[in-house]
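Novice: Per our numbering, the sequence shown starts with residue 445, numbered consecutively.
What the hints contain is simulated information worked out from the structure, not anything from laboratory work.
Keep in mind it's a predicted model, so treat the numbers as computed, not measured.
Built from N, CA and C at the ideal position, the CB exists for glycine as well.
The reader is advised that the hints may include incorrect statements.
As the list claims (entries may be wrong) - Simulated pairs of lysine-lysine, DSSO-like, Cα-Cα distance not exceeding 27 Å:
1. K495 - K477
2. K468 - K490
3. K450 - K468
4. K450 - K495
5. K468 - K495
6. K460 - K495
7. K490 - K450
8. K460 - K477
9. K450 - K477
10. K460 - K450
11. K460 - K490
12. K477 - K490
Unchecked claim - If you anchor each label on the Cβ, the simulated ranges turn out as follows:
13. R481 - V451: 28 to 34 Å
14. K490 - I462: 17 to 23 Å
15. S482 - I445: 26 to 32 Å
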Amino acid sequence: IDPTAKVVMVTSVEQKQIVQDAMKIGARDYIVKPFDRSNVGLVLNKVMRQK
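From just these sequences and the hints, can you work out the full model?
Specialist: This is the structure in structure tokens:
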């Protein structure tokens, strides 16, 4: 796995512990399903601007 990859977690369950665990191991953000395209675009743009 590329350590510089920018990971966005996509989940159907919005449980605080799952999200926190994903962020601890490297996810930059998360999206909860079902999602709308505008939210996906906002999250991806935000993550791509992060260094």
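Novice: With reference to the structure, classify each hint as holding or not holding.
Specialist: To see whether the hints hold, each was checked on the structure:
1. This hinted pair checks out: K495 and K477 have alpha carbons roughly 26 Å apart, not beyond 27 Å.
2. Restraint check: the Cα-Cα separation between K468 and K490 comes to about 18 Å, which is no more than 27 Å; the hinted pair holds.
3. With a CA separation close to 13 Å, the supplied pair K450 and K468 stays within the 27 Å bound.
4. For the hint pairing K450 with K495, the CA-to-CA distance comes to about 9 Å; that is within 27 Å, so the pair holds.
5. Proximity of K468 to K495 is assessed by CA-CA distance (about 17 Å); at most 27 Å being required, the pair is judged to hold.
6. Restraint check for K460 and K495: satisfied, since their Cα atoms lie roughly 25 Å apart, inside the 27 Å limit.
7. Straight-line distance between C-alpha atoms of K490 and K450 comes to about 11 Å, which keeps the hinted pair within the 27 Å bound.
8. Taken as a hint, the K460 and K477 pair is honoured in the structure, with Cα atoms around 15 Å apart against an allowance of 27 Å.
9. Distance check on the hinted pair: K450 and K477 sit about 19 Å apart at the alpha-carbon level, within 27 Å; holds.
10. Annotation: proposed proximity of K460 to K450 holds, straight-line Cα distance about 20 Å (limit 27 Å).
11. Between K460 and K490 the CA atoms are separated by roughly 21 Å; this keeps the pair inside 27 Å, and the hint holds.
12. Taking the CA atoms of K477 and K490, the gap is about 18 Å. The hint holds against a cut of 27 Å.
13. In this structure the hint that R481 and V451 lie 28 to 34 Å apart at CB is violated, the actual value being about 20 Å.
14. Range check, K490 to I462: about 20 Å between beta-carbon atoms, so the 17 to 23 Å window is met.
15. Between S482 and I445 the Cβ separation comes to about 29 Å, which falls inside the hinted range of 26 to 32 Å.
The earlier numbered hint that this structure contradicts is number 13, and it is the only one.
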